[in-house]
Amino acid sequence: MTQTTPDAPVRRQRAQVKVRTLRTDRWWLAPLLTFLGLSSFLIYGVWAIIDTSYFVDPYIAPFASPCLATSCEEGARFLGWAPIGDWYALPPGLIILGLPGGFRLTCYYYRKSYYRSFWLSPPACAVQEPHGKYTGERRFPLILQNIHRYFFYGAIVIGLILAYDAILALVHKPLGLGSWVLIANAVLINAYTLSCHSCRHITAGRLNHFSRHPLRYRAWTFVSKLNAKHQPLAWASMFSVMGADLYVRLVAKGIIAFPYA
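Just so we're aligned: 221 in the working numbering is position 221 of the sequence shown, and the numbers increase by one with no gaps anywhere.
Errors might be hidden in some of the hints.
To be verified - As a list, the in silico SDA-like pairs of lysine to any residue whose alpha-carbon atoms are at most 20 Å apart:
| id | residue 1 | residue 2 |
| --- | --- | --- |
| 1 | Lys229 | Ile50 |
| 2 | Lys112 | Glu74 |
| 3 | Lys229 | Arg200 |
| 4 | Lys253 | Ser53 |
| 5 | Lys173 | Lys229 |
| 6 | Lys173 | Glu74 |
| 7 | Lys225 | Leu215 |
| 8 | Lys229 | Ser198 |
| 9 | Lys112 | His131 |
| 10 | Lys112 | Arg200 |
| 11 | Lys173 | Ala236 |
| 12 | Lys253 | Ile50 |
Claimed, not checked - Quick list of the computed label-pair ranges, beta carbon to beta carbon:
| id | residue 1 | residue 2 | range |
| --- | --- | --- | --- |
| 13 | Pro174 | Ser71 | 46 to 54 Å |
| 14 | Trp180 | Pro83 | 24 to 32 Å |
| 15 | Phe210 | Ile255 | 26 to 34 Å |
| 16 | Trp180 | Gly132 | 29 to 37 Å |
It is worth saying that the hints were derived from the structure and are not from the lab.
Values in this document were obtained by computation on a predicted structure and should not be read as measured data.
In this text, a Cβ means the ideal position worked out from N, Cα and C, and glycines have one as well.
Let the hints inform the model, and build the full structure from the sequences given.
Below, the structure written as structure tokens:
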């Protein structure tokens, strides 16, 4: 038997599974459902960006907010402000797509989800993967995942704007179902954003003495509790933003037209 000495170099490599899998359960079900769920979000997002029915007073579809182009309907413009001139002919949603989209794309939980479901790296524990190499996130393009914390700041702004839209709708139409749909979505979006690992670290993760920073410690405790629910909040907020966005568009198209829509 070969004896390893303290000075001997240690070879680091992934565990080698010689057969496809040793598991007998339905290990493929989780990555399949994840693939279908994330794919539905991507497909809907593309459709929502090019769809023009994003506003019906006082509701604005979340995928189009904040609407900052002069091509936006007047009532849909955020605080009546339209800094993007007539030269911008693309759909309004494309202006702000990068902030919440980049935040979710680089999210720690979503990374695990799409690595396993789209990239099959690996599809599940104790299952052979099709990739011969493993470099982690040290090289381009995956090294760009490290900018997640900066997308977090942009996502906070978008979350606050969605909350503003929801409150504005509630003030103008308190009996409207759409107002409450937007309120529920804003709560879930902001809860998911605050449950982010980066938020937990920024709040007080670098402190050595919590006793010297009682307010930051309380904030860190609150965020830590949300962080424990990061996975369910990621899915709940993903479907809530799709549902709220679709609801507003259906009302704008006249497909939903009951008295308290």
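Hints not upheld, ascending by number: 1, 2, 5, 11, 13, 15, 16
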